[in-house]
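Listed here are the chains, written in short residue letters.
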Amino acid sequence: MSAQVLTYIFVGLTFGLYIAIAIWSRSGSTKDFYVAGGHVHPLANGAATAADWMSAASYLSMAGIIAFEGADGARYLMGWTGGYVLLALCLAPYLRKFAKFTVPDFVGDRYYSQTARLVAVLCVVFISFTYIAGQMRGVGIVFSRFLEVDIDLGVGIGMAIVFFYAVLGGMKGITYTQVAQYCVLIFAYLVPAIYISLMLTNVPLPMLGFGSTLNDGSGVFLLEKLDGLTQELGMAAFTEGKKSTVDMFFITAALMAGTAGLPHVIVRFFTVPSVRDARISAGYALIFIALLYTTAPAVAAFARLNIIDALNETEYQALPEWFSKWEDSGLLAWVDKNEDGKLQYRGGAALEPVKPIFSGERGASGERLVSNEVGASANELYIDRDIIVLAHPEIAQLPNWVVALVAAGGLAAALSTAAGLLLVISSAISHDLLKNTLARNLSEAQELRWARVSAAVAILIAGLFGIYPPGFVAEVVAFAFGLAAASFFPVILLGIFSTRMNKEAAISGMLSGLVFTTAYIVYFKFMAPELNHAEHWWFGISPEGIGTLGMLLNFAVALVVMRVTPPPPESVVTMVRAIRIPKKAA
Amino acid sequence: MSQEDHQASIQGSGEPAKNGSPSASDEVGHRAYWRANVRTLLSLLSVWFFVSFGCGILWVDALNAYSFFGWKLGFWFSQQGSIYAFVVLIFVYVAQMNALDRRFNVDEDR
Chain A
0 MSAQVLTYIF VGLTFGLYIA IAIWSRSGST KDFYVAGGHV HPLANGAATA ADWMSAASYL
60 SMAGIIAFEG ADGARYLMGW TGGYVLLALC LAPYLRKFAK FTVPDFVGDR YYSQTARLVA
120 VLCVVFISFT YIAGQMRGVG IVFSRFLEVD IDLGVGIGMA IVFFYAVLGG MKGITYTQVA
180 QYCVLIFAYL VPAIYISLML TNVPLPMLGF GSTLNDGSGV FLLEKLDGLT QELGMAAFTE
240 GKKSTVDMFF ITAALMAGTA GLPHVIVRFF TVPSVRDARI SAGYALIFIA LLYTTAPAVA
300 AFARLNIIDA LNETEYQALP EWFSKWEDSG LLAWVDKNED GKLQYRGGAA LEPVKPIFSG
360 ERGASGERLV SNEVGASANE LYIDRDIIVL AHPEIAQLPN WVVALVAAGG LAAALSTAAG
420 LLLVISSAIS HDLLKNTLAR NLSEAQELRW ARVSAAVAIL IAGLFGIYPP GFVAEVVAFA
480 FGLAAASFFP VILLGIFSTR MNKEAAISGM LSGLVFTTAY IVYFKFMAPE LNHAEHWWFG
540 ISPEGIGTLG MLLNFAVALV VMRVTPPPPE SVVTMVRAIR IPKKAA
Chain B
0 MSQEDHQASI QGSGEPAKNG SPSASDEVGH RAYWRANVRT LLSLLSVWFF VSFGCGILWV
60 DALNAYSFFG WKLGFWFSQQ GSIYAFVVLI FVYVAQMNAL DRRFNVDEDR
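Chain order of the listed sequences is A and B. For the first sequence, the residue numbers in numbering that gives the first Met the number 0 are 0 to 585. For the second sequence, the residue numbers in numbering that gives the first Met the number 0 are 0 to 109.
No lab work stands behind these hints, which were simulated from the structure alone. Just so you know, even glycine gets a beta-carbon here, dropped at the ideal spot from N, CA and C. Misleading hints may appear alongside valid ones.
Partial pick of chain B residues on the chain A-facing surface, computed with a CB cut under 7 Å [stated by the list, open to error]:
| # | residue |
| --- | --- |
| 1 | 31 |
| 2 | 40 |
| 3 | 42 |
| 4 | 45 |
| 5 | 49 |
| 6 | 51 |
| 7 | 65 |
| 8 | 86 |
| 9 | 92 |
| 10 | 95 |
| 11 | 99 |
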């Protein structure tokens with residue numbers, strides 16, 4: 000069977016499974032809808048958290064970024080796993096003891112303030128929409144490439160499926176579909192990685208394979224070979240980073256604190272029955288996540304090696320079949336700069352601007368011509384980083400069913416995260432904005448209806464973001480982290496660890512962190528992108544890492560304001576003392 | 000955070016409360032529990048910082064001078080080792096906190 004038929008079968012089967020689970024686990028109450036009734040088993044919550052957490056960026060983009068950036072890719076690996084340690088140790092157990100529905104719930108109650116609650120709602124909606132754009136885009140990419148439908152139609156199909164189980168099932172439906180989606184995505188990620196690891200090194204575990212010797216009889220370590228090849232071709236050595244230490248430090252810190260402050264991840268810990276379960280469930284979640292995260296750098300190294308091997312110095316007509324397929328979807332491009340009919344893959348950007356603009360004509364060898372300027376480098380190849388994971392099984396010539404499996408996994412990763420985010424947006428609107436602020440006399444049934452309506456509206460907006468995306472999938476997501484780090488993380492942390500922390504400090508801290516971080520990102524990304532270089536950055540920190548500085552500002556402002564404003568009321572101090580103790584009050 | 004931790008640590012004192020004690024000694028016990036909790040956190044977080052920001056970023060070039068199987072050591076820490084360490088850290092935390100809960104008699108009723 001062809002890869003496309005198999006992809007239709009796999010995607011159809013998994014979608015059927017998600018819909019069946021959604022029907023089986025419909026939500027009957029707001030507690031079901033917001034926190035799955037609060038009785039999810041910690042192991043199931045671990046798997047759901049992992050799927051919720053691992054997005055299109057983790058699944059589709061991360062290995063691709065590492066493949067082309069080598070050592071610098073470590074910021075995602077450490078940032079997106081290390082944040083779990085912060086979450087598990089500093090936030091999750093206490094928020095579970097707090098036992099409400101949403102992050103704005105905590106902020107509003109802890110800071111005894113409707114303003115704080117509203118600022119939190121604003122942050123939640125803002126962060127979640129930034130993040131969700133990337134997911135919908137990921138869905139579109141998978142659909143357009145594997146099912147050969149238009150990218151916009153792909154986004155539409157993704158919206159429809161999420162609509163079905165998020166609106167119907169709420170958190171309860173999402174949780175159990177996420178467990179299924181985790182199984183699909185991890186299987187789909189590991190199978191090709193194991194295959195390729197065996198092909199290159201004879202070692203079945205990819206996380207060990209990429210530190211082993213190649214099985215071509217040379218006895219050379221894989222990474223040694225890759226370092227040699229990359230340098231030979233005028234690129235940075237794979238295991239050497241190009242980013243400055245300070246930037247790596249700040250980006251990693253922003254990703255970690257952002258992970259811990261992401262509302263859709265935090266809210267997962269409201270769904271387990273007890274504090275003890277919240278603790279262990281973070282541990283399970285990290286094991287599930289680490290399975291993919293320790294495999295990703297191996298996939299990256301294998302892919303880089305295989306791409307150089309398959310493409311460099313090959314005539315266009317002799318290029319493998321997958322090349323022209325991805326060229327047709329616009330994610331690969333070749334310019335025959337030296338007119339020798341062969342592809343030269345070298346360091347530096349092939350095109351200027353970097354992304355290809357196809358002219359609609361074909362060149363002498365049959366390649367799609369581009370109307371870009373050609374860059375100064377001898378490099379003739381443009382590769383979109385997002386395709387590495389999707390194309391790698393074909394590049395390594397794996398069987399068709401593996402290719403199809405990867406597509407289903409990519410959809411699982413994007414849909415599970417999108418659903419989690421949509422739920423957070425919908426509960427922020429129906430629960431925090433309506434029930435707790437604007438319309439306090441809302442009945443349970445009305446609130447549930449509003450939750451569903453706001454989920455539906457959020458899906459529509461998310462779909463628009465997917466059709467008109469603001470950049471690379473992973474890049475967009477990285478900014479959501481900066482914003483989460485600069486807004487939520489400090490106020491939640493201080494809210495638990497300081498009894499003196501008050502509402503004035505929380506509001507001023509959140510606003511200053513958020514405004515500062517947003518302004519810096521907007522300035523360098525949209526207002527003056529031509530200045531977006533290390534020499535113009537403050538302290539050498541890129542917009543990607545600025546969330547850390549925003550977070551420090553948030554902490555500083557909060558700690559100062561806290562000392563010059565009245566302490567919180569006694570009832571709040573009592574509440575803080577209570578969430579620190581796992582035992583229920585008598 | 001650090002200043003507040005410090006304050007919280009100074010506040011706590013006294014021995015763990017006995018089962019069924021009145022609320023005044025409960026509160027003393029709770030403060031001691033919280034102090035022990037913060038101490039556990041700080042020691043685990045220093046390991047967390049050491050393996051990731053330390054070995055994976057700050058000293059990565061120095062560690063890359065050494066090789067570890069087929070990896071440069073710094074590269075291995077930043078792309079593999081730190082993640083394994085994170086997993087271990089959470090499970091150590093779970094074990095230590097469950098023990099603390101029992102010692103201070105604040106574990107949840109089952």
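Hints, one by one, checked against the model:
At its closest, the beta carbon of residue 31 of chain B sits 11 Å from a beta carbon of chain A; the interface hint therefore is violated under the 7 Å criterion. The beta carbon of residue 40 of chain B comes within 5 Å of a beta carbon in chain A, closer than 7 Å, and the hint placing it at the interface holds. Annotation: interface hint on residue 42 of chain B violated; nearest CB of chain A at approximately 11 Å, more than 7 Å. With its C-beta approaching chain A no nearer than about 12 Å, residue 45 of chain B sits outside the 7 Å limit, and its interface hint is violated.
Interface hint at residue 49 of chain B: violated, since its Cβ lies 12 Å from the closest Cβ of chain A, which is beyond the 7 Å cut-off. Because the closest C-beta pair between residue 51 of chain B and chain A is about 5 Å apart, less than 7 Å, the hint holds. Annotation: interface hint on residue 65 of chain B violated; nearest CB of chain A at approximately 13 Å, more than 7 Å. At its closest, the beta carbon of residue 86 of chain B sits 5 Å from a beta carbon of chain A; the interface hint therefore holds under the 7 Å criterion.
Among the interface hints, the one on residue 92 of chain B holds; its C-beta lies about 6 Å from the nearest C-beta in chain A, closer than the 7 Å criterion. Restraint check, residue 95 of chain B versus chain A: the minimum CB separation of about 10 Å is more than 7 Å; hint violated. A cut of 7 Å between beta carbons decides the hint on residue 99 of chain B: the least distance to chain A is about 10 Å, and the hint is violated.
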